[in-house]
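K.L.:
With the hints as a guide, bring the two chains together.
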Amino acid sequence: MNRAGLWVYIALLCSAVAIISWRLQDGLPLDTNIVAMLPHSEEAEWVSRSEAAERTQGTDQLIVLVGHPEFETARSAALDLGKTLAENNIVNLAQESAQLSNLQNLTESLFPYRTGLLGVGDRRLLSAGQEQVLVNRALVQILSPLSLADAELIRRDPFLLLPNYLTASTENSSKLLSRANVLAVEENGKWFVLVRGRLVENPFDKGFQSRARHIFDEAESRLQKRYGDIQILKTGAIFYGEHAYRQAEDEAGFIGMISLIGIVILNFLVFRSFQPLALSLLAIVSGIAGGLAVTLLFFGTLQLLALVFGAGLIGISVDYAFHYFCERFNQTTTVPGARARAIRSGLTLGLVSSVLGFVTLALTPFPGLQQIAVFSASGLTLAYLTVLYVFPYLDRTKPFQHGERYLKLSMTLHNFWWQDSTRKWRLLFVVLLVIAGLFGATQITVDDDVRRLQSLPKGLQAEEQAIRHLAGIENQTHRFFVRGSNSEEVLQAEETLALDLEALRASGVIGSYRMISQFVPSKSRQLENQALVEKLLMPKLADHMATIGLSGGLPYQKIEGVLTIDQFSKADMPGLISHLKIYTTPGIVVHAVSLSEVKDTAPLVKLAEKSATVALISQADSLSKTFGAYRLRALVMLGIAYCVVWVFLSLRYGILGALKVMMPSVGAVALAPCLLALIGEPFTFFNAMSLMLIFAIGLDYAIFNREAAGERRRRAMLANGLSTISTLLAFGLLALSETFAIHAFGITILVGITLAYILAPRAADLEHPMKEPL
Amino acid sequence: MGRFEQARYLRGFDKPIVSEGEFFLLPGSALIWQTEKPFFSRMVIDDEGLRQGLKGAEVTRLSFKQFPGFKILRDTFENSLSGNWEPLEEMAGAKLTPADGKYSLRFSPKASGLTLPFAYLNFEISDFLDVVEIVKSNGDRDVITFSEQRKAPMAEINTAAESSKEKQP
Numbered sequence: 026m027n028r029a030g031l032w033v034y035i036a037l038l039c040s041a042v043a044i045i046s047w048r049l050q051d052g053l054p055l056d057t058n059i060v061a062m063l064p065h066s067e068e069a070e071w072v073s074r075s076e077a078a079e080r081t082q083g084t085d086q087l088i089v090l091v092g093h094p095e096f097e098t099a100r101s102a103a104l105d106l107g108k109t110l111a112e113n114n115i116v117n118l119a120q121e122s123a124q125l126s127n128l129q130n131l132t133e134s135l136f137p138y139r140t141g142l143l144g145v146g147d148r149r150l151l152s153a154g155q156e157q158v159l160v161n162r163a164l165v166q167i168l169s170p171l172s173l174a175d176a177e178l179i180r181r182d183p184f185l186l187l188p189n190y191l192t193a194s195t196e197n198s199s200k201l202l203s204r205a206n207v208l209a210v211e212e213n214g215k216w217f218v219l220v221r222g223r224l225v226e227n228p229f230d231k232g233f234q235s236r237a238r239h240i241f242d243e244a245e246s247r248l249q250k251r252y253g254d255i256q257i258l259k260t261g262a263i264f265y266g267e268h269a270y271r272q273a274e275d276e277a278g279f280i281g282m283i284s285l286i287g288i289v290i291l292n293f294l295v296f297r298s299f300q301p302l303a304l305s306l307l308a309i310v311s312g313i314a315g316g317l318a319v320t321l322l323f324f325g326t327l328q329l330l331a332l333v334f335g336a337g338l339i340g341i342s343v344d345y346a347f348h349y350f351c352e353r354f355n356q357t358t359t360v361p362g363a364r365a366r367a368i369r370s371g372l373t374l375g376l377v378s379s380v381l382g383f384v385t386l387a388l389t390p391f392p393g394l395q396q397i398a399v400f401s402a403s404g405l406t407l408a409y410l411t412v413l414y415v416f417p418y419l420d421r422t423k424p425f426q427h428g429e430r431y432l433k434l435s436m437t438l439h440n441f442w443w444q445d446s447t448r449k450w451r452l453l454f455v456v457l458l459v460i461a462g463l464f465g466a467t468q469i470t471v472d473d474d475v476r477r478l479q480s481l482p483k484g485l486q487a488e489e490q491a492i493r494h495l496a497g498i499e500n501q502t503h504r505f506f507v508r509g510s511n512s513e514e515v516l517q518a519e520e521t522l523a524l525d526l527e528a529l530r531a532s533g534v535i536g537s538y539r540m541i542s543q544f545v546p547s548k549s550r551q552l553e554n555q556a557l558v559e560k561l562l563m564p565k566l567a568d569h570m571a572t573i574g575l576s577g578g579l580p581y582q583k584i585e586g587v588l589t590i591d592q593f594s595k596a597d598m599p600g601l602i603s604h605l606k607i608y609t610t611p612g613i614v615v616h617a618v619s620l621s622e623v624k625d626t627a628p629l630v631k632l633a634e635k636s637a638t639v640a641l642i643s644q645a646d647s648l649s650k651t652f653g654a655y656r657l658r659a660l661v662m663l664g665i666a667y668c669v670v671w672v673f674l675s676l677r678y679g680i681l682g683a684l685k686v687m688m689p690s691v692g693a694v695a696l697a698p699c700l701l702a703l704i705g706e707p708f709t710f711f712n713a714m715s716l717m718l719i720f721a722i723g724l725d726y727a728i729f730n731r732e733a734a735g736e737r738r739r740r741a742m743l744a745n746g747l748s749t750i751s752t753l754l755a756f757g758l759l760a761l762s763e764t765f766a767i768h769a770f771g772i773t774i775l776v777g778i779t780l781a782y783i784l785a786p787r788a789a790d791l792e793h794p795m796k797e798p799l
Numbered sequence: 459m460g461r462f463e464q465a466r467y468l469r470g471f472d473k474p475i476v477s478e479g480e481f482f483l484l485p486g487s488a489l490i491w492q493t494e495k496p497f498f499s500r501m502v503i504d505d506e507g508l509r510q511g512l513k514g515a516e517v518t519r520l521s522f523k524q525f526p527g528f529k530i531l532r533d534t535f536e537n538s539l540s541g542n543w544e545p546l547e548e549m550a551g552a553k554l555t556p557a558d559g560k561y562s563l564r565f566s567p568k569a570s571g572l573t574l575p576f577a578y579l580n581f582e583i584s585d586f587l588d589v590v591e592i593v594k595s596n597g598d599r600d601v602i603t604f605s606e607q608r609k610a611p612m613a614e615i616n617t618a619a620e621s622s623k624e625k626q627p
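Chains as they are written, first to last, in my numbering: chain A, 26 to 799; chain B, 459 to 627.
Since the hints were derived computationally from the structure, they do not count as laboratory data.
You may find that some hints are simply not true.
[Unchecked claim] Okay, derived cross-link-like pairs now, DSS-like style, lysine-lysine, Cα gap no bigger than 25 Å in a straight line:
1) Lys624/A to Lys449/A
2) Lys685/A to Lys796/A
3) Lys548/A to Lys560/A
4) Lys609/B to Lys565/A
5) Lys685/A to Lys449/A
6) Lys565/A to Lys473/B
7) Lys433/A to Lys108/A
8) Lys565/A to Lys495/B
9) Lys259/A to Lys483/A
[Said to hold, decoys possible] Chain B residues, not near chain A, derived (Cβ > 12 Å throughout):
10) Asp505
11) Gly507
12) Gly511
13) Ala515
14) Thr555
15) Leu563
16) Tyr578
17) Phe586
18) Asn596
19) Ile602
20) Glu614
21) Glu624
Backbone N, C-alpha and C fix where the C-beta goes; we use that ideal spot for every residue, glycine too.
So that you can see chain B by itself, here it is in the shape it has in the complex (with noise of 0.2 Å):
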């Protein structure tokens, strides 16, 4: 679990939509995403889907069934994430490249013949993931930088989540 930090750069936009909060990685089931700037509101993303909350009420939930790109793409989150990198490398068709002690990693879908809603992906990893950087073919990029990073057991990292929640106005 740790904070977050998103930067959307939307292209033609006067500036880029900050958003900053809390998240949750529980490794194999979910990962929470609970933005407390500018507004707060949650997200789950589980084995079926994704679900938002805004205001305790769930005003979006999409399957993986419908959209399976998302699939890839919120695995490749909880990978990268829980520090699992084999399988990202193995799907990037790359290595870790060090550089200036830490790491640096780039994921293609393309080149890897998927088809998925990006173009790629840039990693930067010391201890944990520390910054990604999703870049979509029309040139919208998403900048979340991550901070504040532990792993705990599963049952403490529950009651974060939960106890998170009250946080909300």
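In isolation and in its complexed conformation, chain A is listed as follows (with noise of 0.2 Å):
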């Protein structure tokens, strides 16, 4: 069986370091995206299809500002790092379209089409017989010495339809206008250049972020040089992926550092020897090792916070090894296997509830949780092979002959918990911790604001923030999207939904919206419009002509067929419809509608029930209503996974005895939300999470304590003492993160692993001890 198991072992970890190598030959793919975690939303699924597409179409952009009181000096600083980015195969820029995607160029693409385009007030004016205001207005508009209009405009559409159709959608449109074939704005005597791109790779890849973050800061410092005082604002996911990799890995660093140094020191400390360190470290590297390759295999990239907690397994193989060592302080076996056989039955009950606890947690269609799930079970799975199986034929050595010491003092707790004379002083322990708990519950927040979930550098986001001052982009909150089973369907939708819109933006609900066919009308629009044109305007047409002075042919040739959205965006302007075109495949087609200046969110949401093909979303919102509804499903989960492993630990100890085995774990699970809610830590879904380590961990302390009897206890309580300090050196730590989720991971453990440390001795049966091994 021993034999077996060491083959089962090497032949496991040589499948995990083949399978790392594969995947890691071209770096760690390592994703930052915190979004990227989150399920699928339980929205319409072609709402959350438009999402993640709209999501991709904005985390794939760069944006620069380049800044310098002399726009020659900031244009060439702007065109030269674009040309940097672009050579070094960072960004494809958006330049080189955006010098044919002018006005004119726009003009020219829609004129053909030009009755049957028409803004809502001029059709408002037709549709009421008025057409004689926009006869008046071509008068006006041709004769002001500030006319848009020249001579062969005025030839082509002498009621100059085309520019103020232009001019009514166009309105609130980006404050960067064309010069030189870039795109600048002024503010404040200096001139910002516009220089943007859509990045080449993946912004959440974390080789491609360092190369462009190299590679840009290297072009920054050498425009400083070379033009002096420029003045850079950038933003775009790749700045703020990169950011969130940089922090997690200092921290990550840094609390590795300690929690390894902790662990050191403790080993050395206890059992004065090299070798429990270097067994300790095999186990770890194993368990680290076989849940990297697993979750690599089946997920293909690993999530940021499945490595942080991945990471954290450390705290969990030392707590395997630690065990194995204290059998070490056993004076009546020099046998290695022997001391493997002693700790067998509760490391065999311990792991399986973990596994089954983490099996399900997979279970949940949340690909951040499935990924620490399976990151745990396998990484487990393969530290615990390595302490049964791989310790024994390398530890050689006779029992410790210190360390009575250590023994003594790791009773005290169980003796706190069983001895007489401490009935008071636990009666008193408990019943604080259950009024602390009770008060705590009352205190509990819940904090779902995904805003506060992913902590933003200030610095970047200051930058993003002028940049969408200058540029005049809106910050926008709320938008809704639009399907149809064709263009044209959603087309439509639009214009009744802009009818509603109207309305609220006369009652100052909104400020503004934008949609696509207010560029591009539905084919039936359209045509209306023609028809109106062509009844109403075209008998004034002789008569608008001669006050001219415009003689010749017809100016408006009656023309076939209308204009489409791909005409249109062969023309498109930055910034004027491609963002609102969401999704497109057979049969579903997504427009968004965007909207500004939301003052009121009620009026929306009745909008969006009116209809099944509109939707109203909220990036913010709906992000943190996904977070509060995962955050249930994780307690769900848990209360589902206490179910499991009852029925597994009763087939052992019977099914009340399993219920006292699991009620440190249960206690320490129910009172640490309670417990930080005092100290004004709000309630999130990593709390949640990490509740599950806490459930797993929990359960190890108390099984190892129901299993051991006799003289072993004492060696069972040692190793439980030193998991605990492990642990808490290897996550306690995290609650210094500056990244709020690791931070609340960190604090829920440190709270929730001491009181299962102090809960765990009454786990024990003094009465009906276990004497039969697995």
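P.N.:
Here it is in structure tokens:
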């Protein structure tokens, strides 16, 4: 059995190493996008698909404004930066296409369709029979000294239908203006020139992030040297992702180092030998290799949080090693195999309970949770095999001759729970704990606000705000998704929605809105417009031409067909409609309708409820809702995990006995959030997830207390104590993290594991000790 | 404030489109351009943009945010009408040239690295701005001739601008 176990371990480890080497050929595929951890939203599927498509669209952009008091300097520096980024394969610049996409180009593309393109106001006037207003307006505009219209335009469109249509459509668009083939804006005596591009690779790929950041920083300092005092404002998901990764890396490095130093000191202090340390490291490395390999095999990439959580596996892998080496304090046997046998029951029951818990967790449709579950379950299994089947082969040492002091000390907690002399103190402690727990329960505040969960760096946020302000891009909090089976259906749905939105705009509920149908009306709307123009304006054409002195052929030739989105897209200017086209697949077309200055969401919710093909999207709200839903789901899964483990443990301890063994873990899981509430910590999805770890480790502690009897109990208690310290070192230190999610993990583990350790001795049964090993 | 006569020469059109009327310059706040012939209309250009009204109803509203190039044209108008030549000389990169007891200045935005909706402006100046010629790159041109110009306190201009509204038939 031992030899078979060893071979299984070797085979699994070799496979793990092979998988890791295969997957890591191009670097660690670490995903720092916290949003990617989220499950597919519970909204209708078309909405979640559209959201995903929109996120991808948004995250692969890189936007930079290069500022200098001299336009030419800002322009040269911007072109220089763009060239560097493009040549180094960081972005495909939008500039080349921007050159062509100017207003004139757009005008040319739309010109043939001008009689079908009417703004809302013009359409209303014609429908109301006030066509003379449009004729007079054209005259006023032609006479104006600041006229937009030149001879060519007036000759082809004497009613100036198209310029007025474009003016109405492009209202409130970006403040950037086209100048010398770049887009620029002037503010407070400084020119800012836009550099905009689509990232060549995945913005959440760590390798690409580092390369992009390196090249960007180098280019920035080169530009500073060459052009003097230039200001560079940048934004894009890649910068946020890179910052998150660097922060996590720094923290993981710092926390990992402290954790490692702590574990080394603990080993030397207690075992006074190198060997336990070396073998513990083997268990850790095997555990992490197993976790990493299986996760990469199943998921392809590794979530940042799964890595942080997985790195914390060190704590549990070392727990197993502690139990093994504490058996060396047993003076009665010198056989290493006997040490493994002594802990096998507890270790196996602990592992199976943990794995059952993690498997339950993996059943949630939450990619992040699934990765953590898979990482932990597979990692623990390999660490378990290392301790039981590899340690005995490598361990050729005699029992420790020291340690009586530690063994005695480790029984303090056990004695507190079981000796008659401490009965009163025990009671007092339990009463205090219950009161604190109950009071804390009334103080729990739930927080699912996604903005808190992603700690965004202030510097980058300030740059983003500055760019938004300069370019006149509003921070849009809400928008609609409109669905149809083809473009025409969506455009018609937009036009219906526009009627309600106009009313909301008039009443001040929203500032403005933008939809594709404002640029490209539906086919039916264009045909209606053509008919209106033909019937009401054309009879006035001859008089109008005479008034302005225009002779020659009739300017409005009858055209076949209408303007389509594709035709418009070819001439689209940056920021007009491309970001509103969300999702197109055979049978489903989704457009976005952007809203600005939303004052009240209730009327918008009502609007969305009126139609199944319209959905109101609020980025923050929808993510927060998802976080909230999955916080609850994590708690439900935890309940289910306890039930599964109860059934499993009942096989060994009986129904009531199993319940008793589970009580310390249940107590720690229930009390931790309550005690945290007392110090003002909110309860978030991430706190709920960390309860899963307390569940597993708490069960381990209790099971070892239940399985150990007689002299062995002292060694189990010592191992539990060492495990607690190492777990607190590995996890509790995460409480120091600046990433909110990681901090939440850490602080919950800190309180929960301490509670689990303190309560664990109650799982012992002095009257019915376990005599038969598994 | 004063009067203007504008002749718009559109390339290929039979005749120039001629208009005339009054203008009121409220320095730093607005320029009111009131056309009386061939029909009555009123244009107000302020810091935000341009509004054109016909028979009391607004028919056009352009924001300088949408058409930033026009802001420069507006500023040029305001500076030249108020005799504030320094910024124009700076923008044109040239000084006023004396000729026949008058001065002239040509401003070409392209030479100044600007992309604006005209090729160049010609100014003829005596005590006030007499004539401005706006030449577009396609050959269209506007010739605006000013007359009866006078300076007055802001309040008086305001009152005059208000009372001229009454002229509307």
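K.L.:
If a hint holds in the structure, say so; if it doesn't, say that too.
P.N.:
Cross-check of the supplied hints:
1. Lys624/A to Lys449/A: With a Cα-Cα distance of about 60 Å, the restraint between lysine 624/A and lysine 449/A is violated, given a limit of 25 Å.
2. Lys685/A to Lys796/A: Holds - the C-alpha atoms of lysine 796/A and lysine 685/A are around 18 Å apart, at most 25 Å.
3. Lys548/A to Lys560/A: holds, 18 Å
4. Lys609/B to Lys565/A: violated, 43 Å
5. Lys685/A to Lys449/A: At roughly 22 Å apart (the allowed maximum being 25 Å), lysine 449/A and lysine 685/A satisfy the hint.
6. Lys565/A to Lys473/B: The given pair, whose Cα atoms are some 20 Å apart, holds under the 25 Å limit.
7. Lys433/A to Lys108/A: violated, 71 Å
8. Lys565/A to Lys495/B: Within the cut-off at roughly 21 Å; holds.
9. Lys259/A to Lys483/A: holds, 13 Å
10. Asp505: holds, 14 Å
11. Gly507: Given a closest Cβ separation of 10 Å, the condition is violated.
12. Gly511: violated, 8 Å
13. Ala515: The claim is violated: alanine 515/B sits with its nearest Cβ about 7 Å from chain A, within 12 Å.
14. Thr555: Consistent with the label, threonine 555/B stays out of reach of chain A, its closest Cβ about 24 Å off (over 12 Å).
15. Leu563: Holds, because the least Cβ-Cβ distance between leucine 563/B and chain A comes to about 18 Å, which exceeds 12 Å.
16. Tyr578: Nearest chain A Cβ is 15 Å from tyrosine 578/B, so the label holds.
17. Phe586: Its Cβ never comes within 12 Å of chain A, the nearest being 17 Å, so this holds.
18. Asn596: The claim is violated: asparagine 596/B sits with its nearest Cβ about 5 Å from chain A, within 12 Å.
19. Ile602: violated, 6 Å
20. Glu614: holds, 24 Å
21. Glu624: Non-interface label stands for glutamate 624/B: nearest chain A Cβ at 19 Å, farther than 12 Å.
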